[in-house]
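Visitor: Single-letter residue listing:
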Amino acid sequence: MIIVIIGIGFVSQLNLFILSKCWKSRFLKDGAEGISKLFGKRMIRLYAFIGLFFIFMKMAIFTIGYSDIMHQYIFPSINNNWLILFIFLTSLYLASKGMEKTFQFVVIVMLSTFWIIFVFIPFLFAPMSSIHDLYPLIPNDPSLFSWKGVLLIWSSLSGPEYLIFLKPWLTHDKRQFMYFTIGNMISVLEYLLLFIAAILFFGSNYLSKTLYPTIDMIKYLQSPVFERMEIIVISVYLFYIVFALALFLLFFYGLSRLALAKWNLQTTRKGYLFCAAVILSSFLIFYNFLWKFSYKGFWGLDLEIALSSLSYLIIPIILWIAIKRKEDV
Amino acid sequence: MGSLFPKKPRQKSKSEPLSSKIPLTDELLKKSLANMEDLEIIALNTNIGTVFLYYIKTLIDNERLNEVIVEPLNHCSKDQIAKCLMNAKIEKLSNLEEAEKKIVQGSILLYDPTQNHWFATLLETPLSRSIEPPETETVIYGAKDSFVEQIDQNITMIRQRLPVTALKTETFNIGSLSRTKVVMMYIEDITNPEFITIAREKIKAIDFDQFLDSSQVAAFMEDHKNTPFPQFLETERPDACSNSLALGKIVFLVDKTAYGLVGPINFFHLFQSPEDYFLRWIIASFLRCIRFSSFFLALTLVPLYVAITTHNYEILPLQILYVLLETRSKLPFTPFWEATLMLITLEIIKEASLRMPTKSGQILGVIGGIVIGQATVQAGFVSNVFIVLVGISAIASFLVPNYLMTKIITLLQFFLLVLSSLLGIPGIVLGMIIIIAHLVGLTSLKQPYFAPITPLYLKDWNDLFIRGPLTSIKERPSFLSPLQRWRIKKRR
Chain C
1 MIIVIIGIGF VSQLNLFILS KCWKSRFLKD GAEGISKLFG KRMIRLYAFI GLFFIFMKMA
61 IFTIGYSDIM HQYIFPSINN NWLILFIFLT SLYLASKGME KTFQFVVIVM LSTFWIIFVF
121 IPFLFAPMSS IHDLYPLIPN DPSLFSWKGV LLIWSSLSGP EYLIFLKPWL THDKRQFMYF
181 TIGNMISVLE YLLLFIAAIL FFGSNYLSKT LYPTIDMIKY LQSPVFERME IIVISVYLFY
241 IVFALALFLL FFYGLSRLAL AKWNLQTTRK GYLFCAAVIL SSFLIFYNFL WKFSYKGFWG
301 LDLEIALSSL SYLIIPIILW IAIKRKEDV
Chain A
1 MGSLFPKKPR QKSKSEPLSS KIPLTDELLK KSLANMEDLE IIALNTNIGT VFLYYIKTLI
61 DNERLNEVIV EPLNHCSKDQ IAKCLMNAKI EKLSNLEEAE KKIVQGSILL YDPTQNHWFA
121 TLLETPLSRS IEPPETETVI YGAKDSFVEQ IDQNITMIRQ RLPVTALKTE TFNIGSLSRT
181 KVVMMYIEDI TNPEFITIAR EKIKAIDFDQ FLDSSQVAAF MEDHKNTPFP QFLETERPDA
241 CSNSLALGKI VFLVDKTAYG LVGPINFFHL FQSPEDYFLR WIIASFLRCI RFSSFFLALT
301 LVPLYVAITT HNYEILPLQI LYVLLETRSK LPFTPFWEAT LMLITLEIIK EASLRMPTKS
361 GQILGVIGGI VIGQATVQAG FVSNVFIVLV GISAIASFLV PNYLMTKIIT LLQFFLLVLS
421 SLLGIPGIVL GMIIIIAHLV GLTSLKQPYF APITPLYLKD WNDLFIRGPL TSIKERPSFL
481 SPLQRWRIKK RR
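Top line first, the protein sequences correspond to chains C and A. At position 226 of the first sequence (counting the first as 1) the number is 226 in our numbering, and the numbers step up by one without a gap. At position 464 of the second sequence (counting the first as 1) the number is 464 in our numbering, and the numbers step up by one without a gap.
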């Protein structure tokens, strides 16, 4: 699996290279208007409708998934609907500050969460860890290879494709590829560290039996003041969840305006709140009628992984082809 | 590209009143100043004829009146008042509005009926107190002078520290009744002209009748009205103001106020003490970090107690949990009510200590410490552990050098308290996210309030949580976009 993570990291790097080429396009500079020039208004509306489904699934899965983890590890007694509501309302508040301010919040998210990765370093040196658990680095037995695992890592590396739509709010820097590369490298190293730490701590046989290995690992950490460190770590991850949800909320609102051909009109509080109400009620329906009853065999998770992988794969390619065609013309 | 919901610009009223310029006559002036017992009208017989003096005696320096006006006019042999009063700074008047404005500001109006000329000269009584050490921003090292209520004196104190011609001042009069003088100061070569334009527009847009304090002026100039966070730094220290000017900020001095306003500021300025720049950098950095930690501690300690005792008690090791359980075993209140009642009591004590005479303060300490503290524990209303936490939290809140921030802590504490009682530790984190999101959205004179963290200006971090060596702080803060980036003349 180690070699698979590294391999996918390389493929992701190629994808980012295409994205950075697209980044330089003049069409992206003007936001929705520029993209509509690229694809035409009718196509843009079609893409927007498809995008709404992609974004909704992404939002729903990570929000409900996170609240479910919180429910399982911190609040088994509380009704999960309340957790979803509180997380959503906080994101709604952050998103109401506008895209620029929401995006600026990323620094706070980074400062609040980057240290969590260091929490896992002691597990690399756990007394029961054996280097043999990491073997074979290159598996010769095809049964050890899992396509689902590949898809999971690929979808985990996804996300930069949405950055392309944020260009009007970001500095038009020429060194975009370098920033993409740094981000990709950090992500790959993070997944490698987490995977190696988990496999050394649990061993290859037991690892597949835990649902949330990284959180279960933190349970074993102790300090003189706090015994259940995972409660703090999970709570701190709220910074990331709220930020991501706020960002996707704004994406959703923007896309729905595109889909309804209202991009020329001014954003309104009413429209934004209506959009939020639709998303929240969909979340609650999604959770209460689908997620709650069939979590482990739930198709939504697989669908979200597939959609994230697909969006990461096709958005850069479609954009690149469209830009090339337009520029040739 | 800014706010998600931009405000629609309000349409200006079409029928704005035109400024009336009524010609000044003796009759109109008397009518306008009728029913003022302290108004004096003197007819002075001089060599050039009878001259009338109009003034409000409570505003005038009588000694100077004789010296500068009466004596020279009595011995005058020339035919015009202006020539007789060469030493007095006199201005010619033409309309009633101008005359009214001058007389209530402490000017003497002179009327020469033979030539039908009106003049004004300022002879205001200099009411001022001596310069004293600052009360709210005390330092061990550093300057010991503070602003007074006389604006000219305050300007002098700043000018003496920055004796350069680039230090510019602009005067505005605000308040339809108080006609308060506000002076905007900036260094022309350094301060970003955009800030000056914004500030100028904001002052000109002020529309209110009376201003008694600089904080009222700040309230009208703030970008965001519905926030507890101050968007201007109020300081009584001239050295802090001159330092801010040198960095590229703007200082506003308000007449009859012993506080200057500094803007644009960021959230982190409220944690900086003037002493930070007088101490050695390692010590100053340590103290600054303690201040930030104290702020965080003051905000979260009590909510954390409520979160742990209400929802997340498993977070504590068994030994600590035993202590907590034992102290809480006989309490009648839930942790939330225990904390709420105690925090309200603490606020009552704090407010009372501010309003009471100094000698009664000691009694308050005894009542607060022994009666309320010890006796409530013995009576079984509050746990021992909680009293310790409240004490630490209260002391920690006083480490923040800005008084307004100390008050905000209490408010935010209650907000986090409610969230912690509902959702435990995640509730506190959600509360912190809301607070930070709010701070990220704020601006001071349209500049980001949470800079240099976000937007990120890494170079400014040299004087953020850590106060780097003064010799290494060679650049002005980037978030202020100063016209001159470097603070030094020679660069390698």
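Where hints are given, some of them may not hold.
Below 25 Å or equal to it, Euclidean Cα-Cα: the simulated SDA-like pairs (lysine to any residue) are [to be verified]: (1) A/Lys92 - A/Ser130; (2) C/Lys219 - A/Leu324; (3) A/Lys202 - C/Ile182; (4) C/Lys29 - A/Lys92; (5) C/Lys270 - A/Ile435; (6) A/Lys225 - C/Lys29; (7) C/Lys24 - A/Lys92.
FYI, nobody ran anything at the bench for these hints, they're computed from the structure.
Visitor: To test your reading of the hints: which numbers does this structure violate?
Guide: Hints 1, 3, 4, 6, 7 contradicted; others consistent.
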